[in-house]
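Just need the whole structure built from these sequences, with the hints factored in.
There are 2 protein chains.
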Amino acid sequence: MPQIVPILDPADPRIADYRDIRERDLVGRRGLFVAEGRVVLNVLVTSPRCTPVSLLVAEHRLPTLDDILDRLGDAVPVYAAAQPVLDAIAGFPLHRGLLALGRRTDTPEADALLAGLPADDDVLLLSAIANHDNMGGLFRNAAAFGVGAVLLDADCCDPLYRKAIRVSVGAALRVPYAVLPRDIDALALLERHGFAPLALSPAGAQELADLAPPPRAAVILGAEGPGLSPALLARTTSVRIDMEAGFDSLNVATTGGIVLHHLAAARRARNAIAHPAL
Amino acid sequence: MPQIVPILDPADPRIADYRDIRERDLVGRRGLFVAEGRVVLNVLVTSPRCTPVSLLVAEHRLPTLDDILDRLGDAVPVYAAAQPVLDAIAGFPLHRGLLALGRRTDTPEADALLAGLPADDDVLLLSAIANHDNMGGLFRNAAAFGVGAVLLDADCCDPLYRKAIRVSVGAALRVPYAVLPRDIDALALLERHGFAPLALSPAGAQELADLAPPPRAAVILGAEGPGLSPALLARTTSVRIDMEAGFDSLNVATTGGIVLHHLAAARRARNAIAHPAL
Numbered sequence: 001m002p003q004i005v006p007i008l009d010p011a012d013p014r015i016a017d018y019r020d021i022r023e024r025d026l027v028g029r030r031g032l033f034v035a036e037g038r039v040v041l042n043v044l045v046t047s048p049r050c051t052p053v054s055l056l057v058a059e060h061r062l063p064t065l066d067d068i069l070d071r072l073g074d075a076v077p078v079y080a081a082a083q084p085v086l087d088a089i090a091g092f093p094l095h096r097g098l099l100a101l102g103r104r105t106d107t108p109e110a111d112a113l114l115a116g117l118p119a120d121d122d123v124l125l126l127s128a129i130a131n132h133d134n135m136g137g138l139f140r141n142a143a144a145f146g147v148g149a150v151l152l153d154a155d156c157c158d159p160l161y162r163k164a165i166r167v168s169v170g171a172a173l174r175v176p177y178a179v180l181p182r183d184i185d186a187l188a189l190l191e192r193h194g195f196a197p198l199a200l201s202p203a204g205a206q207e208l209a210d211l212a213p214p215p216r217a218a219v220i221l222g223a224e225g226p227g228l229s230p231a232l233l234a235r236t237t238s239v240r241i242d243m244e245a246g247f248d249s250l251n252v253a254t255t256g257g258i259v260l261h262h263l264a265a266a267r268r269a270r271n272a273i274a275h276p277a278l
Numbered sequence: 001m002p003q004i005v006p007i008l009d010p011a012d013p014r015i016a017d018y019r020d021i022r023e024r025d026l027v028g029r030r031g032l033f034v035a036e037g038r039v040v041l042n043v044l045v046t047s048p049r050c051t052p053v054s055l056l057v058a059e060h061r062l063p064t065l066d067d068i069l070d071r072l073g074d075a076v077p078v079y080a081a082a083q084p085v086l087d088a089i090a091g092f093p094l095h096r097g098l099l100a101l102g103r104r105t106d107t108p109e110a111d112a113l114l115a116g117l118p119a120d121d122d123v124l125l126l127s128a129i130a131n132h133d134n135m136g137g138l139f140r141n142a143a144a145f146g147v148g149a150v151l152l153d154a155d156c157c158d159p160l161y162r163k164a165i166r167v168s169v170g171a172a173l174r175v176p177y178a179v180l181p182r183d184i185d186a187l188a189l190l191e192r193h194g195f196a197p198l199a200l201s202p203a204g205a206q207e208l209a210d211l212a213p214p215p216r217a218a219v220i221l222g223a224e225g226p227g228l229s230p231a232l233l234a235r236t237t238s239v240r241i242d243m244e245a246g247f248d249s250l251n252v253a254t255t256g257g258i259v260l261h262h263l264a265a266a267r268r269a270r271n272a273i274a275h276p277a278l
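Chains A and B, in that order, give the protein sequences. To convert, note that position 128 of the first sequence is 128 in my numbering; the numbers rise steadily by one, no gaps. To convert, note that position 7 of the second sequence is 7 in my numbering; the numbers rise steadily by one, no gaps.
Do not rely on the hints blindly, as some may be mistaken.
As the list claims (entries may be wrong) - With beta-carbon atoms standing in for the labels, derived distance ranges:
id : chain 1 : residue 1 : chain 2 : residue 2 : range
1  : A       : 210       : B       : 215       : 38 to 46 Å
2  : B       : 271       : A       : 235       : 28 to 36 Å
3  : A       : 107       : B       : 107       : 53 to 61 Å
4  : A       : 210       : B       : 93        : 43 to 51 Å
5  : B       : 271       : A       : 155       : 38 to 46 Å
6  : A       : 155       : B       : 73        : 21 to 29 Å
7  : A       : 116       : B       : 269       : 31 to 39 Å
Think of the hints as simulated: they come from the structure by calculation, not from any bench. Beta carbons: idealized from backbone N, C-alpha and C, even for Gly.
Now the structure itself:
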């Protein structure tokens, strides 16, 4: 069991990394990230891709945390503070009463990551996704539909920012990902590993519903508004989602969910034909 | 052309309804709503379901607003303020520099709304959606896939809150909707108008991909977490979306997008078989 360390003073240096988390959300923490709430903490203590560094909890919540505390090593301190002290540390009313610092331990290179995936896994390639809500939503959908890995180009925001982790419901701590160097030819990388590139665009050549899933796909999504570059679209199968005339506007995370559901459902249907139940 | 009214003092009573919009977001404004940004303002001035009451803009943006101003009646005042005055009025840095007050003019009863829809329109029925991001996302998806109307039960939040409108990219001002009285039997109402109820649930009896779309569907979505009541599910076709074991968690707006895309695509495929191109 971990040690419970009472914190009486918001200025205690032992909880410095938790201080004013809203303001510091964008400045980074030497490779650490902040996780909030029970669902996300549960992923943090179970995922093989990250490790908890410490917890900071409202002392009245301690009795409800046995399942999480049981999974912590003895060396992980659990700081416990009264709610007003906790609020003063965080810089806002922290109703959930549960914070943790974590460190990502699984930081693969893209090449090694793709090489290690099962033969039928799909991947997501995200380009210039700068909004943390969208990043979190995309990871959530990637986890829900069993995507093998997420590749982020150099213009994406960090999926381990507090808000992205929260919106992902912990998926950002669970789905393997790699950040691509700026000068890499991402399509050549995908091709080397046998991923068929499906690039989403409102002007895509093929409607999603008509798309027969390739053996393994790389679903490529760009930022809402600018979208993907014409140079990239020209080298891929460009895919569109037909929408109502006059309102052709889908959120990028929703788009990802629709595409991943289509691929999963179409593969299931194909497998059912190839291997009918006896 | 509307009159341009310079505003020099953040305390000017003429712009009282714009003051501290963040704090007042949840208190209502006597039937008025706040719209932000060019895309949403464009819907506000073109949608037949609402009308602009006034605009408040950063004076340096005035020269870029001809397309919007041209659509305003002479009686709609356009208040123009220097950026610092605008920020002081709004209560935070208003980078977009574009606000409007609007009033919804189309407030149908659910019965009349459903009676007036085209024979092949689907509808959404939302139950206890209390999160404004999700509400906005659901309206955005409803507009993108041409849903005829949205019905809200008495436990839903208001789609005309500032943030819901913004997240909807204006769809909340465009898609017809009605709020149901608390004691109404919503399923009986839908049945009277010939809508087949499809209730989404992680434990749904039928997988979405196998669902043949009914002539007109009512897609029913509940809040993440509690979901729809067993009593309601027992009276409907319950539909699930298969997900990865250990992470069966989709955002409710994303779920709506996936379902609406499936219905639209399956209908298109059926129509292509019934009426093949010559």
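Hints, verified against the model:
For the hinted restraint 38 to 46 Å between residue 210 of chain A and residue 215 of chain B, the CB-CB distance of approximately 23 Å leaves it violated. As the Cβ distance of residue 271 of chain B to residue 235 of chain A is approximately 33 Å, the hint placing it in 28 to 36 Å holds. The hinted range of 53 to 61 Å is satisfied by residue 107 of chain A and residue 107 of chain B, whose Cβ atoms lie roughly 54 Å apart. Between residue 210 of chain A and residue 93 of chain B, the C-beta spacing of about 46 Å keeps the proposed range 43 to 51 Å intact.
Checking the proposed 38 to 46 Å range against residue 271 of chain B and residue 155 of chain A shows it holds: the Cβ atoms sit about 40 Å from each other. Hint check: residue 155 of chain A to residue 73 of chain B, Cβ distance near 43 Å, so the stated range 21 to 29 Å is violated. For the pair residue 116 of chain A and residue 269 of chain B, the supplied restraint of 31 to 39 Å holds, since their beta-carbon distance comes to about 37 Å.
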